[in-house]
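Top line first, the protein sequences correspond to chains G, E, Z and L.
Under numbering that gives the first Met the number 0, the first residue of the first sequence carries the number 0, and numbering increases by one thereafter.
Under numbering that gives the first Met the number 0, the first residue of the second sequence carries the number 0, and numbering increases by one thereafter.
Under numbering that gives the first Met the number 0, the first residue of the third sequence carries the number 0, and numbering increases by one thereafter.
Under numbering that gives the first Met the number 0, the first residue of the fourth sequence carries the number 0, and numbering increases by one thereafter.
Hints are computed from structural coordinates only; laboratory data are not their basis.
Where a beta carbon is used, it is the ideal one built from N, C-alpha and C, also for glycine.
Just to be clear, a hint being listed does not mean it is correct.
Said to hold, decoys possible - Below 20 Å or equal to it, Euclidean Cα-Cα: the simulated EDC-like pairs (lysine to aspartate or glutamate) are:
#1 K203(L) <-> E27(G)
#2 K22(G) <-> E62(Z)
#3 K22(E) <-> E89(L)
#4 K167(L) <-> E224(L)
To be verified - Partner residues are not named here, just some residues of chain L that face chain E (Cβ under 7 Å, in silico):
#5 P46
#6 R47
#7 A49
#8 G50
#9 R226
#10 D283
Protein chains: 4
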Amino acid sequence: MIRAAVVGSTGYSGQELVDILLKCPDVELSCLTARVAEPVKYSDLYPRFAGRTDMMCENLDKEDIASRSDIVFLALPHTVSMRFAPYFLEKGVKVVDLSADYRIPAEIYGKWYGKEHSDRDNIKKAVYGLPEMNRDGIRGADIIANPGCYPTSVVLALLPVIGRLAGKGARVIVDSKSGTSGAGRKASVPLSFTEVDEDFKCYKANEHQHMPEMEYVLSGYAGDEVRIDFAPHLLPVKRGILSTIYIPLDDVSPEDAGPGCFAEHYSGEPFIRVRENGLPGIGDVAGTNFCDIGVKVTERTLIIVSVIDNLIKGASGQAVQNMNLMFGLDETAGLL
Amino acid sequence: MIRAAVVGSTGYSGQELVDILLKCPDVELSCLTARVAEPVKYSDLYPRFAGRTDMMCENLDKEDIASRSDIVFLALPHTVSMRFAPYFLEKGVKVVDLSADYRIPAEIYGKWYGKEHSDRDNIKKAVYGLPEMNRDGIRGADIIANPGCYPTSVVLALLPVIGRLAGKGARVIVDSKSGTSGAGRKASVPLSFTEVDEDFKCYKANEHQHMPEMEYVLSGYAGDEVRIDFAPHLLPVKRGILSTIYIPLDDVSPEDAGPGCFAEHYSGEPFIRVRENGLPGIGDVAGTNFCDIGVKVTERTLIIVSVIDNLIKGASGQAVQNMNLMFGLDETAGLL
Amino acid sequence: MIRAAVVGSTGYSGQELVDILLKCPDVELSCLTARVAEPVKYSDLYPRFAGRTDMMCENLDKEDIASRSDIVFLALPHTVSMRFAPYFLEKGVKVVDLSADYRIPAEIYGKWYGKEHSDRDNIKKAVYGLPEMNRDGIRGADIIANPGCYPTSVVLALLPVIGRLAGKGARVIVDSKSGTSGAGRKASVPLSFTEVDEDFKCYKANEHQHMPEMEYVLSGYAGDEVRIDFAPHLLPVKRGILSTIYIPLDDVSPEDAGPGCFAEHYSGEPFIRVRENGLPGIGDVAGTNFCDIGVKVTERTLIIVSVIDNLIKGASGQAVQNMNLMFGLDETAGLL
Amino acid sequence: MIRAAVVGSTGYSGQELVDILLKCPDVELSCLTARVAEPVKYSDLYPRFAGRTDMMCENLDKEDIASRSDIVFLALPHTVSMRFAPYFLEKGVKVVDLSADYRIPAEIYGKWYGKEHSDRDNIKKAVYGLPEMNRDGIRGADIIANPGCYPTSVVLALLPVIGRLAGKGARVIVDSKSGTSGAGRKASVPLSFTEVDEDFKCYKANEHQHMPEMEYVLSGYAGDEVRIDFAPHLLPVKRGILSTIYIPLDDVSPEDAGPGCFAEHYSGEPFIRVRENGLPGIGDVAGTNFCDIGVKVTERTLIIVSVIDNLIKGASGQAVQNMNLMFGLDETAGLL
């Protein structure tokens, strides 16, 4: 049995990790941590886990966690993960970090996350945990930078075509819409039900910290600079991201960029479903690790729509998919 | 023109007061106050007021407010209003208090609101501002205790029958469901969209501070002790309260307690609508000052359903209705 | 492998059955039927099943279904199931009927469902499929009447106390709130998003067809007549039922009817969770086969709150739980 | 008093017209029509109108309507309005048509609405009822083609810049999100609460019938061909449209296209509010006739966000604004 710790188990990604790991046949939860005043039954904090686990949630120190675990999932805020990861790696414990701390080079990180990076060495060792792009690298990795939720939805939508389009100086316009759990579990007036329900708004247009992550990952993959305009919006739904992506082109054709190209590119992928007709909705993937993709090609523009569950394929599900690869397990274990 | 101040203008009741008062032909807003660091345009705080008012929201002291106003609406938290009301009354400024501070006797208040009352004299002078019960008293009052939202929905539903039923030792069971704005505008994990949407729960069963208010008001009206079991629930809607009220009786008949009795009792009331057939829903009254009431009489049980908008008839609309009565204006001004 | 057919696979209960049965290790879906013009891939109808099953949805006749199946789940409308069940029983195929057709005696059925019952013999053979009440009977049954969603939430909440209270002439008041999927998958203005969202209403107070089912089942269990007042409400949520139950009593005590009694009664039950403190919410059980129960005892009234997912414990999950018992499988297979 | 008829008063636009016209001081409702079997009190159909109007809703013929009215609002489906409008115009009754029948030339109409136009003459006489573009024309018009909801949100967002940008061969990408009331009041599985809540999807990308309306109106205004890519999405909210508009440009600057340009263009407009900072949300305009606009200029792209209430500024409010202009009333009467 693989012993897995969830560090930061009380946020939404942490809860989802616990939910998924409880379904993994070859995994045993080793510890659930959080900043709690004293140990408390996890199912007392979250009654939906009653009858499924009797584990305690505790404020453990690194030493305890490391000694009990083969792998730790860091479901911590940005800038906090990098204080924990080096210790675990040194002790030979594998790390899947769900924060942004190991996704992009330190110089870009410093600019967008407002803090100097304190663990530059491990950024270089970290593998960007998008299995559909980096499966082999993930298999051999000690530390995984689990992708951001928006970038997962956008990068997966673009991989099949970006290589061919980037050289043509493509401009990519990304209009994303996310459910509220993407903002994390926190007390906040703007995230309160009374403010969010029956409302809908755009925020951080071209100022969101996930934009440089998309550009960095896609540019590296395409071998050419990819520039993105990115406008995220807050949806009155709990979970899910839908990204509508527009690539204005003068000579796009269904042969170059239709559903067929996407289906071929993702042939054999267990969690990517390309829609032959029509466009997917958030409801098609909510509660699953799938990313569904639909395409519409018009004379002058390629429109791609992708949907994921931000907490699963966009966070905890993908994290478990990465763990499965790192330990040579069935990639879909716990996830179907 | 009557000069009206909204003290505590940034909460939900405060905003709703501003919205309604802007529609009152004989009222001029004199000041909008809140604990702001420095004066700020109210429409910069709440853009939906842009183009409707250019007023500033300021952190004014009592003296300023009193000198500019004929009436003040105190849209303040419980235990705060009683620190302000005496000064305004002394200066001859009329007061409508939307908090619980003047609704119930000091001894009951102390027990349920966890604080000794500091202004016992004015409790006695305050008139409970339910026009359908106390219209004449309200006309001559200097200070109005504006009813709680749940009590408004429950007391209005019971007035037509409680006098006849109370003496029979009736037990009244009240199952109320409220939208989230009833909890006020605050940062809170349990009130966040991610927690509230697709959820529904019962809270404070027989422990809610509005229960003694209902019992006190109804007992006084009935001239006999009325005891209530009260279970409030949190609905995933922004606004509105629906109360389902059960009175188990051995000899209830449609003649005693059917829609006809209610219609007769409320004949001529501008804001009470008795449903001849069927039961009302929150959508029928959302955004209005109406209270809709439906009745179902069965062999052994009288079931009454009432609905209000908690921020209007349950707070700010009723407050303006009271103001209209206090100043001899058309009772419905600004409210239809 | 047990071969299971879902007859009526396109409604909400049908979809949920497919979802659960795909997770059952010892079950093989034998056919998915619906009134489709021609065979169509089930995952083309419901894209969320893509990548999970390639089965066709077909308009099969009884003979076909019976020849391929060890058990059939009838996810059909009331009055339709009774046209199919006798044939399957005759062919030795076990039946779990999710409609109301086999739950109550024919005379009561005729009165509430507006149609003479055409299969009176099998009503007598049918076992009411509430495992927590009838586990042994279910094990040996050929046909299961799967309980209604409201009755599941109410009967489970009352079993621990009804026997002791019924003899005292208890009146039980049930205020239930259900999500919209309880009304089935149908085109209807009153069920449209624009009508339901931000609304909440009471319907069919003391006229709902699930009321006689509750009374019949509880009276039989208590050995004394149980009378219920039942007011269902429509919640703006997709799934879930919360029932708030009031039993006015003159001498109720926490020893007689507190959480302890409930916990003891349900000790060992895999899907009943009694809350020691506080009351459960729909979010605690959504997506699961659990029924969570909380209790509040006051001087004069016992208040019980129970929650279930109407499509799982209130329909398809309970149906699979029954199948597991009928075939001697682990009762929780596919359900945890 | 101006006598106004609402033809098709039971749909969402019809109800909203009734609501607004009841607030207009110089207007008297002359008749409310619908295909009802026999006359019925409008407030029995829609209880929220109880206490506000006692009018009947009737299935009247054209002659009756014309003889009682100075103006008729046609809140009818596309292809139905053109069967009614000619008669009213002939009788000297002014017409505001809320359908698409008079918005675009007959040839474009035939292609997108699947029906040959039967009243080509009046298309030419009709004035496109967007006051911010055509105020003078509206004043003198006999028939107004009230703009579509999406086009209102998009055209208003583009008027200040399209003239200068169109000549540069601009491509305009419009990503719109609409609440469900935009689809009208109808029984439909895809519009049911159970399907829509917690879901979000893109539909009719580059195939929506409002796309040619936008292109036609904007091309005419700009004096140059404007081409639009348009992807509408269905939001789980009742009301409101938010359009995010992207114009990729190589030399856009805040001076050319910043908030200042928009504020200047719309200076004095009573219902357009340009946001100096930040971007508007649907909640800022829900329930009002305002259109709020925010702008974000980046190096290479101009992003414009506009919001309206689809039933008010996108339909009935704008219709009343047009009526006010046609009859020389205060343009804002009934609308603030």
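Results of checking the hints against the structure:
For the given pair, K203(L) sits about 47 Å from E27(G) by alpha-carbon distance, which is inconsistent with the 20 Å threshold. This hinted pair does not check out: K22(G) and E62(Z) have alpha carbons roughly 38 Å apart, beyond 20 Å. For a cut-off of 20 Å, the pair hint linking K22(E) to E89(L) is broken: about 39 Å separates their Cα positions. Of the supplied pair hints, the one linking K167(L) and E224(L) holds, its CA atoms being roughly 10 Å apart against a limit of 20 Å.
Checking P46(L) against chain E: minimum C-beta separation of about 5 Å stays under 7 Å; hint holds. Proximity of R47(L) to chain E holds as hinted, the smallest CB-CB distance being about 5 Å (cut-off 7 Å). At its closest, the beta carbon of A49(L) sits 5 Å from a beta carbon of chain E; the interface hint therefore holds under the 7 Å criterion. At about 5 Å, the closest approach between the beta carbon of G50(L) and any beta carbon in chain E falls short of 7 Å, and the interface hint on this residue holds.
Checking R226(L) against chain E: minimum C-beta separation of about 32 Å lies over 7 Å; hint violated. Given the 7 Å rule on beta carbons, the hint for D283(L) holds: about 5 Å separates it from the nearest Cβ of chain E.
Hint violations for this structure: numbers 1, 2, 3, 9, all remaining hints satisfied.
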